[in-house]
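From first to last, the protein sequence lines stand for chains V and A. Numbering of the first sequence is given in the numbering used here, commencing with residue 132 and proceeding in unit increments. Numbering of the second sequence is given in the numbering used here, commencing with residue 58 and proceeding in unit increments.
Hints in this document: simulated from the structure, not taken from any laboratory. There could be a bad hint or two in this list.
In silico DSSO-like cross-links for lysine-lysine, where the CA-CA straight-line distance does not exceed 27 angstroms [as the list claims (entries may be wrong)]:
#	chain 1	residue 1	chain 2	residue 2
1	V	K202	A	K60
2	V	K145	V	K202
3	A	K60	A	K98
4	V	K188	A	K60
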Amino acid sequence: DGGITQSPKYLFRKEGQNVTLSCEQNLNHDAMYWYRQDPGQGLRLIYYSQIVNDFQKGDIAEGYSVSREKKESFPLTVTSAQKNPTAFYLCASSPQGRPSYEQYFGPGTRLTVT
Amino acid sequence: ELKVEQNPLFLSMQEGKNYTIYCNYSTTSDRLYWYRQDPGKSLESLFVLLSNGAVKQEGRLMASLDTKARLSTLHITAAVHDLSATYFCAVDRKAAGNKLTFGGGTRVLVKP
Chain V
132 DGGITQSPKY
142 LFRKEGQNVT
152 LSCEQNLNHD
162 AMYWYRQDPG
172 QGLRLIYYSQ
182 IVNDFQKGDI
192 AEGYSVSREK
202 KESFPLTVTS
212 AQKNPTAFYL
222 CASSPQGRPS
232 YEQYFGPGTR
242 LTVT
Chain A
58 ELKVEQNPLF
68 LSMQEGKNYT
78 IYCNYSTTSD
88 RLYWYRQDPG
98 KSLESLFVLL
108 SNGAVKQEGR
118 LMASLDTKAR
128 LSTLHITAAV
138 HDLSATYFCA
148 VDRKAAGNKL
158 TFGGGTRVLV
168 KP
């Protein structure tokens, strides 16, 4: 089955700890994205990558870091510098060709930091 | 800066009646997406609208795009309980690669 997997589904961390969220896709998509969703709100873009070994900051990159060493994988690290890390994190991927550039979403990771 | 506004934010529907959700955006784009999100779940793609005048229909849902007015609508015909969810529109920022800006969502609750 082709798709996007995220792990873990739920993650609990103490304040001050870094944590890494996994995102893997087997859709052969070039582009991958990380979004954050807070309760009752829309999604905000954290980082995105259009090609292996390259990535760009999104709208709310502060306190986060990413890597893109393989086409299939785009892990997100939430660092201790992120002031309000508790949120629902969604990973997405898309092909980089016409016509639609449609983004497909993974199941999400719910991070709680206390 | 691209802004995307949805209204209403919350919509209480009666089964069997028709309703419309509106999505306005502030700068030029010709790619607009509608997604559905159930509570605690990820986003499910509903429609991809790629050109002015595009209309897509799936079951009781129909989406349209007017790029001149910078407006998309999601029309629900004869609402049923299964359509209870939060609906998001998202607009592609043309000049910045395939980056999406999402609206704040419309929470739909269909009551018997």
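Query raised in the report: So which hints don't hold here, by number, going up?
Result: 1 and 2
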